[in-house]
Amino acid sequence: MTAEANLKKKLDELGLAMPAASEPKGVYRPIIVVGNMAYTAGHLPIDAEGKMVTGRVGDDLDLDAGYRAAQLAGLGILATLQKALGDLGRVRRLVKLLGLVNSTLDFTQHPAVINGASELLAEVFGPDAGVAARSAFGAGSLPLGAAVEIEAIFEVE
Amino acid sequence: MTAEANLKKKLDELGLAMPAASEPKGVYRPIIVVGNMAYTAGHLPIDAEGKMVTGRVGDDLDLDAGYRAAQLAGLGILATLQKALGDLGRVRRLVKLLGLVNSTLDFTQHPAVINGASELLAEVFGPDAGVAARSAFGAGSLPLGAAVEIEAIFEVE
Amino acid sequence: MTAEANLKKKLDELGLAMPAASEPKGVYRPIIVVGNMAYTAGHLPIDAEGKMVTGRVGDDLDLDAGYRAAQLAGLGILATLQKALGDLGRVRRLVKLLGLVNSTLDFTQHPAVINGASELLAEVFGPDAGVAARSAFGAGSLPLGAAVEIEAIFEVE
Chain A
687 MTAEANLKKK LDELGLAMPA ASEPKGVYRP IIVVGNMAYT AGHLPIDAEG KMVTGRVGDD
747 LDLDAGYRAA QLAGLGILAT LQKALGDLGR VRRLVKLLGL VNSTLDFTQH PAVINGASEL
807 LAEVFGPDAG VAARSAFGAG SLPLGAAVEI EAIFEVE
Chain B
687 MTAEANLKKK LDELGLAMPA ASEPKGVYRP IIVVGNMAYT AGHLPIDAEG KMVTGRVGDD
747 LDLDAGYRAA QLAGLGILAT LQKALGDLGR VRRLVKLLGL VNSTLDFTQH PAVINGASEL
807 LAEVFGPDAG VAARSAFGAG SLPLGAAVEI EAIFEVE
Chain C
687 MTAEANLKKK LDELGLAMPA ASEPKGVYRP IIVVGNMAYT AGHLPIDAEG KMVTGRVGDD
747 LDLDAGYRAA QLAGLGILAT LQKALGDLGR VRRLVKLLGL VNSTLDFTQH PAVINGASEL
807 LAEVFGPDAG VAARSAFGAG SLPLGAAVEI EAIFEVE
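For the record, the sequence lines run as chains A, B and C. The numbering of the first sequence is my numbering, which starts it at 687 and goes up by one. The numbering of the second sequence is my numbering, which starts it at 687 and goes up by one. The numbering of the third sequence is my numbering, which starts it at 687 and goes up by one.
These aren't lab readings, by the way, just hints derived from the structure by calculation. Backbone N, C-alpha and C fix where the C-beta goes; we use that ideal spot for every residue, glycine too. Check before you lean on any hint, since a few could be wrong.
[What the hints assert, rightly or not] The calculated label-pair distances, taken between Cβ atoms and stated as ranges, are: (1) B:Gly736 <-> C:Lys694: 24 to 34 Å; (2) C:Asp698 <-> A:Met704: 32 to 42 Å; (3) B:Pro813 <-> A:Ala734: 27 to 37 Å.
[Said to hold, decoys possible] Sample of chain A residues facing chain C (criterion: CB under 7 Å; computed from the structure): (4) Thr688; (5) Ser708; (6) Gly712; (7) Arg715; (8) Val781; (9) His796; (10) Ala808; (11) Ala818; (12) Arg820; (13) Ser821; (14) Phe823; (15) Gly824; (16) Ala825; (17) Gly826; (18) Leu830; (19) Glu841.
I would like the entire structure built from these sequences, with the hints used as guidance.
Next comes the structure, spelled out in C-alpha cells:
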C-alpha cells in the first residue's frame, strides 16, 4: 500500500480530517528541500479546524492528550510534505525527529508523548522507512503555549 | 546586491559594528562544513565589544531586547560564515535555524524573538535563499545565562 | 592509532567498560545512516551495567557528576556507531553535537557538562575529526529523569 493510502486509512481509523498545510507565518518556511534531504520547521499541534492544542503535559494535559497532540503535529508535517512534494510517495525515509514537549519540570515520559507522531509516521511510511533516529525532551516553554513542537528530516526523491 | 553589500547596508541601518567571529572556546568548532552543507554551533548574542546579552526574556528582558539579542546571535553566525568561507557569496541558501530563547516558563512569543536573527538573514541572503525551516522554543537555561542561542545549517558552494 | 585503539585506551584510563549499544525502545532507531551522514538518536547516560544517571545538574548532581554523565552518553553513541558501522574506523568526522542538560533553571555551565562527551569523542577520533559544531543548553526536563541527553551527526564512509 502506498504512503498516501496508508495515511487515508489511518485518518479513517482515527476519525480525523487532514489539517491544512501550515502557511509561513513570519520569517520561516514550513519545509526546505536541499538535494535529497527535506528539513521541516517545528510543527505545532493544529487540527483540521485550525485549533491548536495548548497546555503543559503533566499539568493541564495528561499523557494521552499529549500523545494526541503529537499525532496532530505529525499530521501537520505530513500536510507540509504533501504540499511541498505533491505526493508522499516521494519520501524515501524518515531520518530524524526532534520532539519537544511542553511539560512540567518533573515530567519523564516524553518518549510516550512523541510516540503520537512516531507511530503515525511509521504507519504511513512503514516500520523501516517511517522510523527515525529521535530525540524527545521537555522544553521550558513553547510558542503560543503549544503542547508539543516537532521537527523532522526526511530523505526524498 | 551581494550578500556582503546587504550586510554592510544592514549594519549601517542598525548602527552596529560586526562582532568578531567567535573563537572555539572548549571542545567544539563554530562551524563544520561537510560537502556542500555548513553546520554552525549554537551562537550566543555577543556584540562587537565582546559583551554578551544575558537574562531571561519575559522577566529581565522584554520582547524587543530579546529580538535585538537574536539579531546579535545572527550577526555572530554571519561572522563565523565569513571567516570560514571567505565570502558570504558562497552561501547558496539558509536551510535550517534552531532558535532557543532563555525565557520565563509562561513565555509564548519565541517566534517574535528569533525573528531578530531571521529578518537579518533574510535581508542579507534575500527573501528566498535567506529564509529557513525553523524551530523556536524556550530552553530551561542557556550557557552563561545568555538570552538566546541560535544554530543554523546553510547550503554552500 | 585507530579510533578503536583510542577508545580502548580511554576506557582503560577511565576504568570504564563499554556500555551495550542501546536497543530501540519504542518507535525510533538509535541511528539512521543516509548516504555518508549518520544521525544518532538522543543518547542517555547509561553505564555498562545498564544503570542510568538521573537527576538535575546544579541540584542533585554537581558539575563533575554531570560531566561523567555526558561521558557515558558519549560512550553510548560510540557503542551505537560500532554496532551500526562494524568499525569506528568508518567514521570520517564528527559533524554536529546537540547536548541537553537536565539542569536547574539558573544553571549556566552547560558547555562544561557536555565537554564530558566532547572530550571523549575528540580523544577517539582526534582533535580535528573528533570535534563538532555544538550546541549545549538546559532542557526543562529529560526522558526518565536522565541527567543529560546527547545526539550527534557523523560523516561516515
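Each hint tested on the structure:
Between B:Gly736 and C:Lys694, the C-beta spacing of about 42 Å breaks the proposed range 24 to 34 Å. The hinted window of 32 to 42 Å between C:Asp698 and A:Met704 is violated, with their beta carbons roughly 56 Å apart. A beta carbon spacing of about 30 Å between B:Pro813 and A:Ala734 agrees with the range 27 to 37 Å that was offered as a hint. A cut of 7 Å between beta carbons decides the hint on A:Thr688: the least distance to chain C is about 21 Å, and the hint is violated.
Of the supplied interface hints, the one on A:Ser708 is violated, with its beta-carbon coming no nearer than about 23 Å to a beta-carbon of chain C, more than 7 Å. The restraint placing A:Gly712 at the interface with chain C is violated, with a minimum CB-CB distance near 22 Å, outside the 7 Å limit. Checking A:Arg715 against chain C by beta carbon gives a least distance of about 21 Å; that is not within 7 Å, so the hint is violated. Interface restraint check: A:Val781 against chain C, minimum CB-CB distance 5 Å, threshold 7 Å, status holds.
Hint status for A:His796 relative to chain C: holds, with the closest Cβ pair at about 5 Å, below 7 Å. Hint status for A:Ala808: holds, given a least beta-carbon distance of 6 Å to chain C, under 7 Å. Residue-level restraint check for A:Ala818 holds (minimum Cβ-Cβ distance to chain C is 6 Å; threshold 7 Å). Taking 7 Å as the C-beta contact cut-off toward chain C, the hint placing A:Arg820 at the interface holds, the least distance being around 4 Å.
For the restraint placing A:Ser821 at the interface with chain C, the shortest Cβ-Cβ distance is roughly 3 Å, inside the 7 Å limit, so the hint holds. At its closest, the beta carbon of A:Phe823 sits 5 Å from a beta carbon of chain C; the interface hint therefore holds under the 7 Å criterion. Checking A:Gly824 against chain C: minimum C-beta separation of about 3 Å stays under 7 Å; hint holds. The closest approach between the C-beta of A:Ala825 and any C-beta of chain C is roughly 5 Å, which is under the 7 Å cut-off, so the hint is satisfied.
Because the closest C-beta pair between A:Gly826 and chain C is about 4 Å apart, less than 7 Å, the hint holds. Contact between A:Leu830 and chain C, as hinted, is not supported at the beta carbon level, the nearest pair being about 17 Å apart and thus beyond 7 Å. Restraint check, A:Glu841 versus chain C: the minimum CB separation of about 5 Å is within 7 Å; hint holds.
Against the hints set out earlier in the document, violations occur for numbers 1, 2, 4, 5, 6, 7, 18.
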